[in-house]
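Peer 1: Chains as they are written, first to last, in the numbering used here: chain D, 3 to 131; chain S, 38 to 237.
Bear in mind the hints are in silico, worked out from the structure with no lab data behind them.
There may be inaccurate statements among the hints.
Just the calculated beta-carbon pair ranges, DEER-fashion [said to hold, decoys possible]:
1. D:40 with S:63: 32 to 38 angstroms
2. S:100 with D:114: 53 to 59 angstroms
3. S:149 with D:37: 26 to 32 angstroms
4. S:82 with D:7: 24 to 30 angstroms
5. S:51 with D:85: 28 to 34 angstroms
6. S:156 with D:40: 26 to 32 angstroms
7. D:109 with S:158: 38 to 44 angstroms
8. S:86 with D:39: 17 to 23 angstroms
9. S:82 with D:69: 22 to 28 angstroms
Heads up, the beta-carbon is just placed ideally off N, CA and C, and yes, glycines get one too.
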Amino acid sequence: MSDHNIESHIKVYWNVFFALIAFTILTVAVSYYDFGSVFWTLFVGLSIACIKGYAVAGYFMHLNDESKPIYYILVLAAVFLFVLMSIPMSWRSSAGSHSLEYEQYVGEDGYVIYKEPEHHDNGHDDGGH
Amino acid sequence: MDIEIPYNVKEREDTGLYNSKLGIWLFLASEIMLFGALFSTYIILRTGDPNWMLHVKEAHLNIPLATINTAVLILSSVTFVMSWVSLKLKDLYKFKMYMGITLLCSVIFLVIKYFEYTAKFDAGHYPSTHNFYAVYFIMTGLHGLHIVGGIIVNAYLWIPGTKMWNSDPERFTNRVEVAGLYWHFVDLVWIFLFPSIYLL
Numbered sequence: 003m004s005d006h007n008i009e010s011h012i013k014v015y016w017n018v019f020f021a022l023i024a025f026t027i028l029t030v031a032v033s034y035y036d037f038g039s040v041f042w043t044l045f046v047g048l049s050i051a052c053i054k055g056y057a058v059a060g061y062f063m064h065l066n067d068e069s070k071p072i073y074y075i076l077v078l079a080a081v082f083l084f085v086l087m088s089i090p091m092s093w094r095s096s097a098g099s100h101s102l103e104y105e106q107y108v109g110e111d112g113y114v115i116y117k118e119p120e121h122h123d124n125g126h127d128d129g130g131h
Numbered sequence: 038m039d040i041e042i043p044y045n046v047k048e049r050e051d052t053g054l055y056n057s058k059l060g061i062w063l064f065l066a067s068e069i070m071l072f073g074a075l076f077s078t079y080i081i082l083r084t085g086d087p088n089w090m091l092h093v094k095e096a097h098l099n100i101p102l103a104t105i106n107t108a109v110l111i112l113s114s115v116t117f118v119m120s121w122v123s124l125k126l127k128d129l130y131k132f133k134m135y136m137g138i139t140l141l142c143s144v145i146f147l148v149i150k151y152f153e154y155t156a157k158f159d160a161g162h163y164p165s166t167h168n169f170y171a172v173y174f175i176m177t178g179l180h181g182l183h184i185v186g187g188i189i190v191n192a193y194l195w196i197p198g199t200k201m202w203n204s205d206p207e208r209f210t211n212r213v214e215v216a217g218l219y220w221h222f223v224d225l226v227w228i229f230l231f232p233s234i235y236l237l
C-alpha cells in the first residue's frame, strides 16, 4: 500500500465510522416506530444491522479486496450456519403444530397461558358395573 | 539450530495469505458457528414463547446505555484500524496513541456492562429467572468475554509486544492486523446483538 493509497484509506475509514454512528442512531429511532407488524419491524431493524455489518467486514476487515481462500472459508461457514439455523427452525415449525392441541387463554395480566384440553370420555365410566 | 518458519511475514504465492492471517480467518469461521448456535437458540426460544415480549418489556433494558456502548465499540474499531495504518506509515507514536484509545474504549464498554448487569441483579433478575434472561446474560456475557480476550491481546501489543517493532516491523504490523480482524469481528457480533436483544 503506497502512502497516497493509505491517505485515501484513512478518509474511507473515518467516513465508515460516521456512517456506522448514523446507522446506529437510525436503528434506535426505527425501533420506536410502529411498522404495524412484527415482520416489518424485524426486517427493517435487521436490514440496517446487515448494512452496518457489511461496512465493518468490507472496510475495516478489508473483505472487499481479500484473497479468494478467505471467501471460500466464509462461504463454507455460511453453508454450515444455514444448516445450523434450518434444522432447529424446521423442528420448530413441526413442533408448532402440536401447540394447537392445547387450549390458549390470555390472563388478566396479558400473559398467554396454555392448558391441556380436558378429555371427554362420552360418559363411559370404567370404574362401575 | 534455528528453523525459520516460512510465510510468517510474506504471503504464500498460491493463497496470497501469510500464516497467521489464514489462521485467524479459520478461527473467525468457527466463531461464526459459535454465535450462530446461540442466535438459533434465541430464535427458537423467542418464537416458542408467546409471552416473550412481555418479559422483554418487564426487563426494562437500558437502551441509552446500550446505544452508548455500541458507539464506544464502533469508535474502538476505527481507532484500531488507525493504529494499523499508523504502523504502515512507520509512526509508532501514533500507533500507541490509537491503540491506547482502543483499550480505553474497551474498558469503558465493560464498565457500562458492569452497571447494566448489577442493575439486573439488584432487581432480582438472573439467568434462571426466565429464558429471556438466560439468552440475554449468555449472549452478552460471552461477547463480554471476547472483549476481555481482546483487551489482553491488545494490551500486550500496546506495551511489551512493541519490542518486535525494532527487530521485525513487518511481522509486528501483521500481528496488529490479525488482532484487528478479531476485534472487528467482536464489533460485528455486537452490531447484531444490540438490535436483536435490546430493540426488536
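Peer 1: Now tell me, hint by hint, if it's right for this structure.
Peer 2: Here is how each hint holds up against the structure:
1. Distance hint for residue 40 of chain D and residue 63 of chain S: a CB-CB separation of about 37 angstroms, consistent with the stated range 32 to 38 angstroms.
2. For the hinted restraint 53 to 59 angstroms between residue 100 of chain S and residue 114 of chain D, the CB-CB distance of approximately 25 angstroms leaves it violated.
3. A hinted range of 26 to 32 angstroms holds for the C-beta pair residue 149 of chain S and residue 37 of chain D, which are about 29 angstroms apart.
4. Take residue 82 of chain S and residue 7 of chain D: their Cβ atoms lie about 47 angstroms apart, and the range 24 to 30 angstroms is violated.
5. Separated by about 29 angstroms at the C-beta atoms, residue 51 of chain S and residue 85 of chain D satisfy the suggested range of 28 to 34 angstroms.
6. The given range of 26 to 32 angstroms is respected by residue 156 of chain S and residue 40 of chain D, whose C-beta atoms sit roughly 27 angstroms from each other.
7. For the pair residue 109 of chain D and residue 158 of chain S, the beta carbons lie near 28 angstroms from each other, so the given range of 38 to 44 angstroms is not met.
8. One distance hint, 17 to 23 angstroms for the beta-carbon pair residue 86 of chain S and residue 39 of chain D, holds here, with the actual separation near 19 angstroms.
9. The hinted window of 22 to 28 angstroms between residue 82 of chain S and residue 69 of chain D is violated, with their beta carbons roughly 39 angstroms apart.
When each numbered hint is compared with the structure, violations occur for hints 2, 4, 7, 9.
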